[in-house]
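Asker: Got chain D; can you put chain L with the ligand on it based on the hints?
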Amino acid sequence: MDLELSNSELAFQAEARAWLAENVPAEPLPSLDTPEGFELHRQWEAKLSAARWSVVSWPEEYHGRAASLVEWIIFEEEYYRAGAPLRVGQNGIFLLSPILFEHGTQEQQDRFLPSMATGDKVWAQCWSEPEAGSDLASLKSTARRDDDRGGWVLNGQKIWCSRAALAHWGFGLFRSDPEALKHAGLTYFLFPLDADGVTVRPIAQLDGEAGFAEVFFDDVFVPDADVLGAPGDGWRVAMSTAGNERGLSLRSPGRFTAAADRLLALYDETPEGPNRTAATDGVVDAWIKAEAYRLYTWGTVSRLKDGGDIGAAGSVNKVWWSELDVALHETALDLLGPDAELESTWLDGYTFSLSGPIYAGTNEIQRNIIAERILGLPREPKGLQR
Amino acid sequence: MRFELTTDQRDFAASLESLLAAADTVAAARAWADGDHDAGLKLWQRLAEQGVTMLATEATPVEVCIAFEALGRHAVPGPWVESAAYLPVALGREVEGIGTVAAPRALDADIADEVYVAVDSALHTATAGAAYVSVDRSRHLFDVTPGGTVEHGDLAAAYDLAVLATAAQLLGAGERVLADAVTYVKQRKQFGREIGSYQAIKHHLADVRIALDFARPLVFGAALDPTPRSVSAAKVACADAAYLASRTGLQVHGAIGYTQEFDLSVWITRIRALVTAWGTPAEHRARILSTLVGA
Ligand SMILES: Cc1cc2nc3c(=O)[nH]c(=O)nc-3n(C[C@H](O)[C@H](O)[C@H](O)COP(=O)(O)OP(=O)(O)OC[C@H]3O[C@@H](n4cnc5c(N)ncnc54)[C@H](O)[C@@H]3O)c2cc1C
Chain D
1 MDLELSNSEL AFQAEARAWL AENVPAEPLP SLDTPEGFEL HRQWEAKLSA ARWSVVSWPE
61 EYHGRAASLV EWIIFEEEYY RAGAPLRVGQ NGIFLLSPIL FEHGTQEQQD RFLPSMATGD
121 KVWAQCWSEP EAGSDLASLK STARRDDDRG GWVLNGQKIW CSRAALAHWG FGLFRSDPEA
181 LKHAGLTYFL FPLDADGVTV RPIAQLDGEA GFAEVFFDDV FVPDADVLGA PGDGWRVAMS
241 TAGNERGLSL RSPGRFTAAA DRLLALYDET PEGPNRTAAT DGVVDAWIKA EAYRLYTWGT
301 VSRLKDGGDI GAAGSVNKVW WSELDVALHE TALDLLGPDA ELESTWLDGY TFSLSGPIYA
361 GTNEIQRNII AERILGLPRE PKGLQR
Chain L
1 MRFELTTDQR DFAASLESLL AAADTVAAAR AWADGDHDAG LKLWQRLAEQ GVTMLATEAT
61 PVEVCIAFEA LGRHAVPGPW VESAAYLPVA LGREVEGIGT VAAPRALDAD IADEVYVAVD
121 SALHTATAGA AYVSVDRSRH LFDVTPGGTV EHGDLAAAYD LAVLATAAQL LGAGERVLAD
181 AVTYVKQRKQ FGREIGSYQA IKHHLADVRI ALDFARPLVF GAALDPTPRS VSAAKVACAD
241 AAYLASRTGL QVHGAIGYTQ EFDLSVWITR IRALVTAWGT PAEHRARILS TLVGA
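Quick note, the sequences are listed as chains D and L, same order.
For the first sequence, our numbering gives the first residue as 1, with consecutive numbering after it.
For the second sequence, our numbering gives the first residue as 1, with consecutive numbering after it.
Quick caveat, the hints were computed from the structure, so don't treat them as lab data.
Treat each hint with caution, since some may be false.
[Claimed, not checked] Which chain D residues face chain L? A few, computed with CB under 10 Å, are given here:
no. : residue
1   : Gly208
2   : Pro274
3   : Thr277
4   : Asp339
5   : Ala340
6   : Leu347
7   : Gly349
8   : Glu364
9   : Ile365
[As the list claims (entries may be wrong)] Cut-off 20 Å, straight-line C-alpha distance, at most; resulting in silico cross-link-like pairs (PhoX-like, lysine-lysine):
no. : chain 1 : residue 1 : chain 2 : residue 2
10  : D       : Lys140    : D       : Lys182
11  : L       : Lys189    : D       : Lys140
12  : L       : Lys202    : L       : Lys186
13  : L       : Lys202    : L       : Lys189
14  : D       : Lys121    : D       : Lys47
15  : D       : Lys182    : L       : Lys189
[As the list claims (entries may be wrong)] Far from chain D by the CB rule (all over 12 Å, computed), these chain L residues:
no. : residue
16  : Ser18
17  : Glu49
18  : Glu114
19  : Gly221
C-beta atoms are modelled at their ideal positions from N, C-alpha and C, and glycine is treated no differently.
So that you can see chain D by itself, here it is in the shape it has in the complex (with noise of 0.2 Å):
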């Protein structure tokens, strides 16, 4: 048992680290759910791509660095040490690309994820509908077959789409056989949002910003070259990003480790008095939090590199993860005491991180998902399924 990096491994670190500290903008950009926010952002993921900094697991050939898992991880952590600027590609490169790669066709490889790696087109995950929350596989958006024009032809509408105002395209789930039970007929979808028939309507989320959006769909029609995996598949193909959302690409340990010292100078430099004295405890414990994260994640890492797979685990790395980051910056808050309410990058940090125990499955899903299939409880009893 060692916790060693190899020679090639801190040759990559150093290297990652370099680039950053040359090129990690000074200043803060504005937030990236602001039309120019999101633009600088944009260039940013350019910036990075050309150096090949942008997607470092993928394959060379698509602007990658067929990075190990251990490596991403490694330039996770330099990339939040070095406060770069959030990944407004976040939910294509985190979420949609594994999928392409296990389950997209080579044509649809080549034509979507070059421009997913430069930023030029910002993908928006589109799952949730106003019914379909955490009982997602009873979604009603439909998927109906247009034989003619070789494609489908989808009705409906789904919401709390992360990115979805300004991004170029999205991809969801639609009930393309509705005599199907549950979870068998939904087929996977990608979509430009300034499709025919496709309305997106931002919405402001508790800091003012449209983080998010609902998207209508009137009569849009896809063709069968935009279907991910087979038509009825798309349960388990969608599948396997929500394990990936919950396990570790969302969310690196190097976000936290991060935040962690950000906090420790905070204490630093906030004067002696209550505030500082009351928060001496949480600073610790954030730090000891994400101390146990980055090592709890080189242990799945392992486990992944002898062919394991993250399965149930995933909800208790999302659990803790969301935990620590509101725990994380109520400290913070408690610190500025006087100054908590004011707009700061903590304030910022704060309000987002109270999402993070809602969205990739609510923590109470997770919670029953880790008693039901981690402590062999009995589940609890639903309600009626359609």
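Answerer: Only chain L with the ligand this time, still in chain D's reference frame:
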């Protein structure tokens, strides 16, 4: 001993409740946030007619707490704590119109008729300077520059009443979030069942009920005997309980709770701001401790 509101106090609470329930207070708060004060000022006028601005000088702290709980429950915008709790005691008179005071920044100083700041246990008039944006967009905060001193009453008692009024406001806000969350989870279905039927949701909300039930007696106990220790205890307990209500309220609503257009956002952001307004929980805990040990 009868630690319950009197019939008159209950009637007062009920009359405020019916006034505020009929007024669109959330719309007033949203407009106030956007710099349109009309609806909020009309509301101010009507509450003043009900006597809310003279409670601090003419009634007891119990009535003050009743009123502020109602203001919190309905998210009424404006410098109520400053104008109707702190200043009447500090100045020894009811404030005609709207007053505010820096604590440490002055709330709504741009629309106040009178602006003050306490410096070294003296009260000064003040002029508003730089503006700040709060997590609660309806709270417009300003730096102030002190002017001349004015005659003043007991500033420590004024501070304590402001702390207590803030606690009562938090209590009302927490109660509102809990009530709305309970309504929501009875009606929202996932997996074919009301989400309120899942034990995870029940226990979350029951914990909020417990926290609020044990914050309330501290508020009214302090109202009967306002001391630095009793009002600080009320503020700490109400901040904790209301904050728990806001976190839980958000969580059980899911994504809809995370939107600005859904009214829950008005209380979530208000509670976050009031938790640290008029003394942070850590400062109040330190104040309590200093009266309990080492004296
Ligand atoms: C910031 C943010 C970004 C998001 N981004 C996206 C995105 O890009 N794409 C997308 O498709 N969606 C996105 N979502 C939506 C997210 O996936 C949903 O919010 C989530 O699945 C929960 O669904 P819901 O909001 O409808 O809540 P509900 O499912 O209605 O849940 C409400 C409450 O009930 C609880 N609950 C439900 N079922 C059970 C049960 N069986 N047992 C116990 N408790 C239960 C939940 O835990 C929650 O507390 C985003 C959400 C947020 C907040």
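Asker: All the hints need checking, so say for each whether the structure fits it.
Answerer: We went through each hint and held it up to the structure:
1. Interface restraint check: Gly208/D against chain L, minimum CB-CB distance 5 Å, threshold 10 Å, status holds.
2. Interface restraint check: Pro274/D against chain L, minimum CB-CB distance 4 Å, threshold 10 Å, status holds.
3. Interface hint status for Thr277/D: upheld, as the beta-carbon distance to the closest one in chain L is roughly 7 Å, under 10 Å.
4. Proximity of Asp339/D to chain L holds as hinted, the smallest CB-CB distance being about 8 Å (cut-off 10 Å).
5. Restraint check, Ala340/D versus chain L: the minimum CB separation of about 5 Å is within 10 Å; hint holds.
6. Annotation: interface hint on Leu347/D holds; nearest CB of chain L at approximately 6 Å, less than 10 Å.
7. At its closest, the beta carbon of Gly349/D sits 12 Å from a beta carbon of chain L; the interface hint therefore is violated under the 10 Å criterion.
8. Interface restraint check: Glu364/D against chain L, minimum CB-CB distance 4 Å, threshold 10 Å, status holds.
9. Look at Ile365/D: its Cβ gets to within about 9 Å of chain L, closer than 10 Å, so that hint holds up.
10. A C-alpha spacing of about 10 Å is found between Lys140/D and Lys182/D, which places the hinted pair at or below 20 Å, so the restraint holds.
11. With a C-alpha separation of about 15 Å, the suggested pair Lys189/L and Lys140/D falls inside the 20 Å cut-off, and the hint holds.
12. Only pairs whose Cα atoms come within 20 Å are accepted, and Lys202/L paired with Lys186/L is accepted, the gap being roughly 10 Å.
13. A distance of roughly 14 Å separates the Cα atoms of Lys202/L and Lys189/L; the hinted pair therefore holds under the 20 Å criterion.
14. For the proposed pair Lys121/D and Lys47/D, the alpha carbon gap of about 14 Å is at most 20 Å, so the pair holds.
15. A hinted pair counts as satisfied when its Cα atoms are at most 20 Å apart, and Lys182/D with Lys189/L qualifies at roughly 16 Å.
16. Listed as outside the interface, Ser18/L is consistent with that label: its C-beta sits roughly 30 Å from the nearest C-beta of chain D, beyond the 12 Å cut-off.
17. At the 12 Å boundary, the C-beta of Glu49/L stays outside the reach of chain D, the nearest C-beta of that chain being 31 Å off.
18. At the 12 Å boundary, the C-beta of Glu114/L stays outside the reach of chain D, the nearest C-beta of that chain being 22 Å off.
19. Non-interface call for Gly221/L relative to chain D: holds, since the shortest CB-CB distance, roughly 23 Å, exceeds 12 Å.
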